[in-house]
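Start from the sequences and build out the full structure, keeping to the hints where you can.
If you're matching them up, the sequences are chains F and G in order.
Under the working numbering, residues 15 to 114 are what the first sequence spells out, in order.
Under the working numbering, residues -8 to 196 are what the second sequence spells out, in order.
For the record, the hints were derived by calculation from the structure and aren't laboratory data.
From the three backbone atoms N, C-alpha and C, an ideal C-beta is built for every residue, glycine too.
Watch out, some of these pointers could steer you wrong.
Using C-beta positions, here's what the derived DEER-type ranges look like [unchecked claim]:
hint, chain 1, residue 1, chain 2, residue 2, range
1, F, H78, G, S82, 20 to 30 angstroms
2, F, R72, G, V158, 16 to 26 angstroms
3, G, Q159, F, R90, 33 to 43 angstroms
4, F, G64, G, T(-7), 27 to 37 angstroms
5, F, E91, G, D76, 12 to 22 angstroms
6, F, D66, G, M(-8), 26 to 36 angstroms
7, F, P39, G, D63, 32 to 42 angstroms
8, G, D85, F, D113, 20 to 30 angstroms
Now the stretches of chain F that chain G is said to cover, found in silico as 3 or more residues with beta-carbon under 8 angstroms [claimed, not checked]:
hint, region
9, 51 to 57
10, 90 to 100
11, 103 to 111
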Amino acid sequence: MCQAGTMPQTIAETETRADVGLEQPWLVLVWNDPVNLMSYVSYIFRSYFGFDRAEAERRMMLVHTEGRAAVAAGSREEVERHVEAMHDYGLWATLQKADA
Amino acid sequence: MTGFSPRPGGGYTVAFERHEASLISELAGQIAQLLSPLASAPGGELGARPPLSEQDLLDSLEASGSLALHEDPAIARLLPDAYGDEADADSASDFRRYTEQGIVDRKVANALVIVNSLAASIDVNMTENLAMPMEFTEAQAQSWLRGLTDIRLTIASRIGIETEEDVQGSNNDTAPFLREVYHWLGYLTESLLSAIDREHDEHPY
Chain F
15 MCQAGTMPQT
25 IAETETRADV
35 GLEQPWLVLV
45 WNDPVNLMSY
55 VSYIFRSYFG
65 FDRAEAERRM
75 MLVHTEGRAA
85 VAAGSREEVE
95 RHVEAMHDYG
105 LWATLQKADA
Chain G
-8 MTGFSPRPGG
2 GYTVAFERHE
12 ASLISELAGQ
22 IAQLLSPLAS
32 APGGELGARP
42 PLSEQDLLDS
52 LEASGSLALH
62 EDPAIARLLP
72 DAYGDEADAD
82 SASDFRRYTE
92 QGIVDRKVAN
102 ALVIVNSLAA
112 SIDVNMTENL
122 AMPMEFTEAQ
132 AQSWLRGLTD
142 IRLTIASRIG
152 IETEEDVQGS
162 NNDTAPFLRE
172 VYHWLGYLTE
182 SLLSAIDREH
192 DEHPY
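In structure tokens, the structure reads:
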């Protein structure tokens, strides 16, 4: 019969081991370029990534002012698909490890 | 030209004068020609692909295509590196080998949608200066949006637009007509985005 007092410790240890085993997340970076319209970048962030209008504008302005912004995270495969989609749109995007 | 507007039943309308339609069609055709050597069926006549042979199908299963950024800066901008870090050169090369042809095929298809959808407008019997209205579906509008972007990216590369400052131009412009076209296509793209926005205010994404 398990004792209630020991259960939470066991779960916490399991969660930690599982976290260490997970693939490190990757990020999609969208880079600023002088050609693409701010309205176009904002539109892509809304229609492809599903951000609401305010959040899409905010991220677009980050790209514009900072030179690039992270717009999504996921496994390498997921993020590669996003980058491919961005290149379909004519945006310049790259992927990198989240802690790079 | 009158800009893009959403149609009540879905899709969009726009009206081009014959010389405007000819210009856009010519530019879109050039994008298709620029990229078709990199497409999955190189060397074939545009729009007239040979039937898929067993060898074609086998070929398409293998990764093929470039390993690195293209030498032509316009093509390099249309097909940029996916990994920014030089340490990831192998990953960048793999990504390119597996995705480039698909991206090229879709870009060529978008350019051909523009050419084909304008073909009816470029009627030799059309009165000059009369703007002929055309209708587009949602799918065609997406092709136009991406195709116009590819045209603008290519023109920008050709006339040396590399920074925000370059966009304004100078008195030493070597290609003032191309620069005017570049800005006009930007205006056209804004018009299409605005129409898509109005359409989707009614029917959210």
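Cross-check of the supplied hints:
1. Taken as a hint, the range 20 to 30 angstroms holds for the pair H78(F) and S82(G), whose Cβ atoms sit roughly 28 angstroms apart.
2. Against the hinted window of 16 to 26 angstroms, the Cβ-Cβ separation of R72(F) and V158(G) comes to about 23 angstroms, which satisfies the hint.
3. Range check, Q159(G) to R90(F): Cβ separation about 40 angstroms, and the 33 to 43 angstroms hint holds.
4. Under the hint 27 to 37 angstroms, the C-beta atoms of G64(F) and T(-7)(G), about 32 angstroms apart, fit the expected range.
5. E91(F) and D76(G) have their C-beta atoms about 18 angstroms apart, which keeps the hinted 12 to 22 angstroms range intact.
6. D66(F) and M(-8)(G) have their C-beta atoms about 32 angstroms apart, which keeps the hinted 26 to 36 angstroms range intact.
7. Against the hinted window of 32 to 42 angstroms, the Cβ-Cβ separation of P39(F) and D63(G) comes to about 35 angstroms, which satisfies the hint.
8. Here the CB-CB span from D85(G) to D113(F) is close to 22 angstroms, well matched to the stated 20 to 30 angstroms.
9. Under the rule that three or more residues need a Cβ within less than 8 angstroms of chain G, the assignment of the region 51 to 57 of chain F holds, with 4 such residues.
10. Check on the region 90 to 100 of chain F: 3 of its residues sit with their Cβ under 8 angstroms from a Cβ of chain G, so the three-residue criterion for coverage holds.
11. With a threshold of 8 angstroms between beta carbons, the proposed coverage of the region 103 to 111 of chain F by chain G holds, since 7 of its residues qualify and at least three are required.
Going through the hint list in order, the structure satisfies each hint without exception.
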